[in-house]
Amino acid sequence: MPITNIKILGSGCPNCKKLEANAKKACDELGIKAEFEKVQEYADIAGYGVMATPALVVGGKVVVSGRVPDVNEIKGILKG
Amino acid sequence: MLQEFADWAAYSLLGLGRQSPLGAAVDFFIYDSIKVTILLAIVVFIVGVIRTFITPGKVKRWLGGRSEGIGNVLAALLGVPTPFCSCSAVPLFIGFIEAGVPLGITFSFLTASPLINEIAATMLLAMFGWQIAALYIGSGLVIAILAGIIIGRLGLESEVEEFVYKIKAKKASEKEMDWKERAKFGISESKSITLKVLPYLLVGIAIGGLIHGYAPSDFLLSFAGKDNPLAVPIVVLIGIPLYSNAAGMVPIVGVLISKGMAVGTALAFMMSVIGLSLPEFIILRKVLKPKLLAIFAVILFLSFVATGHLFNLILG
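Protein chains in written order, with the working numbering: chain A, 2 to 81; chain B, 60 to 375.
None of these hints come from the bench; they were simulated from the model. Hints should not be assumed to be uniformly reliable.
[Unchecked claim] Restricting the straight-line Cα-Cα distance to at most 20 Å, the calculated cross-link-like pairs of lysine to any residue (SDA-like) are:
#1 B:K255 to A:R68
#2 B:K250 to A:N23
#3 B:K350 to B:F340
#4 B:K227 to A:K80
#5 A:K80 to A:D29
#6 B:K227 to A:K76
#7 B:K250 to A:P15
#8 B:K243 to B:A68
#9 B:K225 to B:I156
#10 B:K348 to B:I156
#11 B:K227 to A:R68
#12 B:K345 to B:V357
#13 B:K229 to A:D29
#14 B:K239 to A:V59
#15 A:K39 to A:K62
#16 A:K76 to B:E221
#17 B:K119 to A:K39
#18 A:K62 to A:Q41
#19 A:K62 to B:I105
#20 A:K39 to A:P70
#21 B:K229 to A:Q41
#22 B:K243 to A:Q41
As the structure is a computational prediction, the values presented were derived from the model and not from experiment.
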């Protein structure tokens, strides 16, 4: 099974941490192996075309921005 | 119906005397907090649904390359329902500039978004009536439009950090929601935001009730009444470093007014607390050079002071 690359975009505010925790939980529950990466530099965040943080990037694609999705929603996205 | 419930809870359920000051205070507290909470849940739901139509990508397209005037008005209006977390200020700013939104129009949006807050507007409506709520929204819009036009006219493009202009963003795809998803989003926003602000609101109303009962009613009259023209700039200065949740702020404004602070002075104080915050300025420093940041702060300071005086004049 290939390792999924998941990025959390955000400056490190409480919402970003919550998003990361939810995403980790979703991966655990689905048994998906994923590597997590934090993108905190504003220039890099803006490079993704994201204007509202936190944002979730799965496999290089922005899937959610500007809010914290719950574990179930992230599971849905990962199952894609 | 709500009043009957509050009466029943205070006098029958808790057995407080109908004529006692404590009974009246508890009755008032129950009535006020339920009324504000219900209104808040409804307004946040409506704003949540509106918000699903206003995605950042669309805002960029609507504002990109707009001319002064119409662009500033549009930016200020779009800023109202758009949520604002100070951590989002920088990506938003970069996204706007990158999309070709003029600097002045970007600032109109950046000013309106935190300053005009649906939670504060709802609570003003519930606690002081629609006139005060309308004054708050109207003056907030005027401040945002003017601040943006002034910054646009000053030609401060060189006072933005250079790296901002070098960023090339990927095009983010945004999927369109259907009505069911919009309603779902509205409900989840309504639930989470109402629950989040509820503690502030209850504490604010409770503190309000206590001060109301115990501090003498002309306590603030001597130095923050409308006869003291210096009161407005002083409270605005005090409000700048303070940052509070809008939900906790409105009940306290209510107390200040009841203790003799002029209404315009109290509103200017509230605007300065919620519209201008130290954390936001520290974050904006990443994309703005100190000169532009200082100009922005001075413009906001002067507008809040002018608004306070204007209201004191109109309402006095």
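To see whether the hints hold, each was checked on the structure:
no.: 1; hint: B:K255 to A:R68; result: 15 Å, holds
no.: 2; hint: B:K250 to A:N23; result: 19 Å, holds
no.: 3; hint: B:K350 to B:F340; result: 12 Å, holds
no.: 4; hint: B:K227 to A:K80; result: 31 Å, violated
no.: 5; hint: A:K80 to A:D29; result: 13 Å, holds
no.: 6; hint: B:K227 to A:K76; result: 31 Å, violated
no.: 7; hint: B:K250 to A:P15; result: 19 Å, holds
no.: 8; hint: B:K243 to B:A68; result: 33 Å, violated
no.: 9; hint: B:K225 to B:I156; result: 10 Å, holds
no.: 10; hint: B:K348 to B:I156; result: 15 Å, holds
no.: 11; hint: B:K227 to A:R68; result: 23 Å, violated
no.: 12; hint: B:K345 to B:V357; result: 19 Å, holds
no.: 13; hint: B:K229 to A:D29; result: 30 Å, violated
no.: 14; hint: B:K239 to A:V59; result: 25 Å, violated
no.: 15; hint: A:K39 to A:K62; result: 15 Å, holds
no.: 16; hint: A:K76 to B:E221; result: 40 Å, violated
no.: 17; hint: B:K119 to A:K39; result: 26 Å, violated
no.: 18; hint: A:K62 to A:Q41; result: 17 Å, holds
no.: 19; hint: A:K62 to B:I105; result: 30 Å, violated
no.: 20; hint: A:K39 to A:P70; result: 17 Å, holds
no.: 21; hint: B:K229 to A:Q41; result: 17 Å, holds
no.: 22; hint: B:K243 to A:Q41; result: 30 Å, violated
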